[in-house]
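Engineer: If you want the building blocks of each chain, they are given just below.
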Amino acid sequence: MSITGFFENVGSYTLLMKRVLTIPDRMREFFKDYFQEMYKLGVNSIWIVVIISFFIGAVIVMQIALNIASPMLPRFTVGAVSREIILLEFSSTIMCLILAGKVGSNISSEIGTMRITEQVDALDIMGVNSANYLIFPKITAFVSFMPVLVVFSMFMGIFGGYMICIFTGTPTVDTYVFGIQSFFREKLIWYSIVKSMLFGFIISSVSAYFGYSVKGGALDVGRASTDSVVINSVLILATDLVFTQLVLG
Amino acid sequence: MIVVKNLIKEFEGRMVLDDISTTFDRGAVNMIIGKSGSGKTVFLKCLIGLIKPSSGAILYDNENFLSMKSKEVKQLRRYMGVLFQGSALFDSKTVLENVMFPLDMFSRKNKRERQKRAEFCLERVNLSDAIDLYPSEISGGMMKRAAIARAIALNPKYLFCDEPNSGLDPKTAQLIDELIYDITKDFNMTTVVVSHDMNSVMNIGDHVIFFNEGIKEWDGTKSEVMNSDNQALNDFVFASDLFKKIKEADEIIAEKEEERVK
Ligand SMILES: Nc1ncnc2c1ncn2[C@@H]1O[C@H](COP(=O)(O)OP(=O)(O)O)[C@@H](O)[C@H]1O
Ligand SMILES: [Mg+2]
Chain A
8 MSITGFFENV GSYTLLMKRV LTIPDRMREF FKDYFQEMYK LGVNSIWIVV IISFFIGAVI
68 VMQIALNIAS PMLPRFTVGA VSREIILLEF SSTIMCLILA GKVGSNISSE IGTMRITEQV
128 DALDIMGVNS ANYLIFPKIT AFVSFMPVLV VFSMFMGIFG GYMICIFTGT PTVDTYVFGI
188 QSFFREKLIW YSIVKSMLFG FIISSVSAYF GYSVKGGALD VGRASTDSVV INSVLILATD
248 LVFTQLVLG
Chain B
361 MIVVKNLIKE FEGRMVLDDI STTFDRGAVN MIIGKSGSGK TVFLKCLIGL IKPSSGAILY
421 DNENFLSMKS KEVKQLRRYM GVLFQGSALF DSKTVLENVM FPLDMFSRKN KRERQKRAEF
481 CLERVNLSDA IDLYPSEISG GMMKRAAIAR AIALNPKYLF CDEPNSGLDP KTAQLIDELI
541 YDITKDFNMT TVVVSHDMNS VMNIGDHVIF FNEGIKEWDG TKSEVMNSDN QALNDFVFAS
601 DLFKKIKEAD EIIAEKEEER VK
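If you read the sequences in order, they're chains A and B. Converting from the first sequence to our numbering requires adding 7 to each position, the first position being numbered 1. Converting from the second sequence to our numbering requires adding 360 to each position, the first position being numbered 1.
Check the hints yourself; a few may be wrong.
[What the hints assert, rightly or not] In silico BS3-like links for lysine-lysine, alpha-carbon gap of 25 angstroms or less: (1) 607(B) / 25(A); (2) 365(B) / 25(A); (3) 453(B) / 47(A); (4) 607(B) / 395(B); (5) 412(B) / 39(A); (6) 39(A) / 453(B); (7) 453(B) / 109(A).
[As the list claims (entries may be wrong)] Label-pair restraints from in silico Cβ distances: (8) 254(A) / 415(B): 17 to 27 angstroms; (9) 429(B) / 55(A): 38 to 48 angstroms; (10) 529(B) / 244(A): 49 to 59 angstroms; (11) 426(B) / 225(A): 25 to 35 angstroms.
[Claimed, not checked] Chain B is faced by these chain A residues, among others (derived, beta-carbon under 10 angstroms): (12) 36; (13) 38; (14) 120; (15) 130; (16) 135; (17) 147; (18) 245.
Quick caveat, the hints were computed from the structure, so don't treat them as lab data. Positions of the beta carbon are idealized from the N, C-alpha and C atoms, including for glycine.
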C-alpha cells in the first residue's frame with residue numbers, strides 16, 4: 008500500500024463510519040439484526056475461544072514452570088506470572104488476533120458478497136442507509152459481546168493451567184492456586200475487557216470497511232477478506248502498544 | 361414521467377454517455393437497447409442515482425433529481441422500484457421476508473397488513489408457493505419474479521429493470537417480459553427496461569431507444585425499429601438470423617402483394 012493509498016483508505020474509512028454510526032431508522036429491524044449478529048459473531052466464537060484459551064493457558068503454565076525453576080524464586084510465582092500474562096495480554100490481544108481471523112473474514116466476505124451481487128445497491132435504492140443497516144448491528148453486537156468472550160478466555164486459560172498442575176504436579180495445585188490469588192489487582196480485568204472491546208470495534212469496523220468497498224467479482228471478495236485479516240492484526244498489535252503505554256505505563 | 365436532458369458521464373476522461381436527451385412517459389414500457397458496453401447500465405444507474413453523472417439533468421415529474429437534497433432523494437426513492445441484473449435478493453432472508461423488507465422499513469402498517477401486501481405482490485408474480493424458500497433454493501426465473509414482487513411492494517411510480525431476462529430460457533424470459541408489461545399498465549408506472557434482447561423489444565417495447573457507444577443513435581416505436589434506415593440500428597437488430605429472415609419474409613410478401621395488385 009502506498010502512502011497516498013493509505014491516507015485514502017483512512018479517509019474513506021472515516022467517511023464510512025460517519026454513515027455507520029447513526030441512529031438506525033427502524034429500531035425493530037435493528038434489534039432483530041443485533042441479536043442475530045450477536046449469535047453469529049459472538050456465541051459462535053465461544054468454542055474457538057474456549058479451546059484455544061484452555062491449551063494456551065496450559066502451555067503458558069508449563070513453560071513458566073520449566074523456565075523459572077530456580078531456587079531463588081518461590082514456586083507460587085508460576086501462578087502469579089501466568090495469571091498476569093493471561094489477564095493482561097493473552098485474553099485480550101492474542102484472542103482478538105484469532106477473532107480477527109474468524110470474525111473479520113466472516114464480516115468482510117459477507118458484506119463483500121452483498122456488494123458484488125448488488126444487494127447493497129438494492130438497499131441504497133430503497134432509501135435505506137445501507138452502511139448503517141448492514142454494519143451498525145455487527146459492530147454493536149460484537150463489541151457488546153466481547154466482555155463475555157474475554158471472561159470465558161480468562162477462565163479457560165487459568166483453568167488450563169490448573170489442569171496441567173493436576174497432571175504434572177509442578178507446581179502443585181495448591182501452590183498454583185495460591186499464586187493465582189496473590190497480588191491480584193481487579194483493575195487488570197477491567198483493563199483487559201476495555202481493551203478487547205476496543206479491539207472488537209477495530210475488527211468489526213475495519214473488516215466491514217474492506218467488505219463494503221469491494222469492487223469486482225468473487226476473487227476481489229476473497230482478497231478483501233484476506234486484506235482485512237492482515238490489516239486488523241497489524242492494527243490490533245499497534246493499538247495494544249499505545250493502549251498499554253497510556254493506561255499502565 | 362422522466363425527462364433526461366443532455367446527460368453526460370465520463371469515466372477518467374472516457375465518454376461513456378455522450379449528451380443523452382430523452383423522455384420516458386407514464387404507463388409505457390421504455391426500452392433501452394444496444395450492444396454490450398454501450399453504456400446502458402451506466403445510464404440506468406445515473407437515472408436511479410447510483411452513479412453521479414458528469415453533467416445534465418434528470419427530471420422526475422419536473423423535479424430535478426440531481427439537485428435534490430438527500431432528504432428529498434430519500435423521499436423520491438420510496439417511489440422507485442428497481443430490478444437488478446442479478447436480482448439482488450437478500451441471501452439471508454426468505455422470499456417472503458425479501459418482499460416484506462421495503463414494507464418493514466417504510467410502511468406504517470401493522471405486521472399482518474404488511475404480510476398481506478407482500479403475499480399479494482407474490483401472488484401477482486405467481487410465486488405464492490415459494491414464499492418460505494431462500495433465494496439459493498429457487499431458480500433464476502423465480503428469483504427475478506421475487507425481485508419484481510419486492511420492487512412493486514411499495515407501489516412505485518417508477519420501475520427500472522436491468523436486463524430482466526438475461527440468463528433465462530426463452531419461455532421464462534417471455535413470462536418475465538409480459539409480467540413487466542402488465543404491471544406497468546396495471547399500476548400506470550413509468551417503466552425503463554434495459555435489454556439487448558430483440559424478442560423483448562418486439563414483445564413489450566412501447567418506446568425504444570437505441571444506444572451505440574454512449575450515443576443515443578435512434579429513438580422510436582417498436583414498429584419503426586424493423587424499418588429504420590439507421591445503419592447501426594439495422595446492424596444490431598438484424599444481427600440475429602431470425603430477425604433477418606422475418607424481414608426478408610416481409611419483403612417477399614410485400615413484393616407478392618405488389619405483383620398481385622398489378
Ligand atoms: N465504474 C466504472 N468505471 C469506469 N468505467 C466504467 C464503469 N462502469 C462502466 N464503465 C464502462 O462504461 C462502459 C459502458 O458499460 P455498461 O453501461 O455496463 O454497458 P452495458 O451497455 O453492457 O450495460 C463500458 O465500457 C464500461 O467499461
Ligand atoms: Mg449492462
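Engineer: Now, for every hint given, state plainly whether the structure supports it.
Structural biologist: The hints, checked one at a time:
For the hint linking residue 607(B) to residue 25(A), the alpha-carbon distance of about 58 angstroms lies beyond 25 angstroms, and the restraint is violated. For the hint pairing residue 365(B) with residue 25(A), the CA-to-CA distance comes to about 33 angstroms; that exceeds 25 angstroms, so the pair is violated. Pair hint residue 453(B) plus residue 47(A) holds up; C-alpha atoms about 15 angstroms apart against a cutoff of 25 angstroms. About 20 angstroms separates the Cα atoms of residue 607(B) and residue 395(B), which keeps this hinted pair within 25 angstroms; it holds.
At most 25 angstroms may separate the alpha-carbon atoms for a hinted pair to count; residue 412(B) and residue 39(A) exceed this at roughly 33 angstroms. Between residue 39(A) and residue 453(B) the alpha-carbon distance is near 12 angstroms, which keeps this suggested pair within the 25 angstroms criterion. Note on residue 453(B) and residue 109(A): the hinted pairing holds, with a Cα-Cα distance of about 23 angstroms set against a maximum of 25 angstroms. The supplied range of 17 to 27 angstroms is broken by residue 254(A) and residue 415(B), whose beta-carbon atoms lie about 53 angstroms from each other.
Against the hinted window of 38 to 48 angstroms, the Cβ-Cβ separation of residue 429(B) and residue 55(A) comes to about 47 angstroms, which satisfies the hint. For residue 529(B) and residue 244(A), the hinted distance range of 49 to 59 angstroms is satisfied, since their beta carbons lie about 54 angstroms from each other. Residue 426(B) and residue 225(A) have their C-beta atoms about 33 angstroms apart, which keeps the hinted 25 to 35 angstroms range intact. Proximity of residue 36(A) to chain B holds as hinted, the smallest CB-CB distance being about 6 angstroms (cut-off 10 angstroms).
The criterion of a C-beta within 10 angstroms of any C-beta in chain B is not met by residue 38(A), whose closest approach is roughly 13 angstroms, and the hint is violated. For the restraint placing residue 120(A) at the interface with chain B, the shortest Cβ-Cβ distance is roughly 8 angstroms, inside the 10 angstroms limit, so the hint holds. The restraint placing residue 130(A) at the interface with chain B holds, with a minimum CB-CB distance near 9 angstroms, inside the 10 angstroms limit. Given hint, residue 135(A) at the interface with chain B, holds; its Cβ is 6 angstroms from that chain's nearest Cβ, closer than 10 angstroms.
The beta carbon of residue 147(A) is not positioned within 10 angstroms of any beta carbon in chain B (closest approach about 18 angstroms), and the interface hint is therefore violated. Taken as an interface hint, residue 245(A) does not check out: its beta carbon lies about 34 angstroms from the nearest beta carbon of chain B, beyond 10 angstroms.
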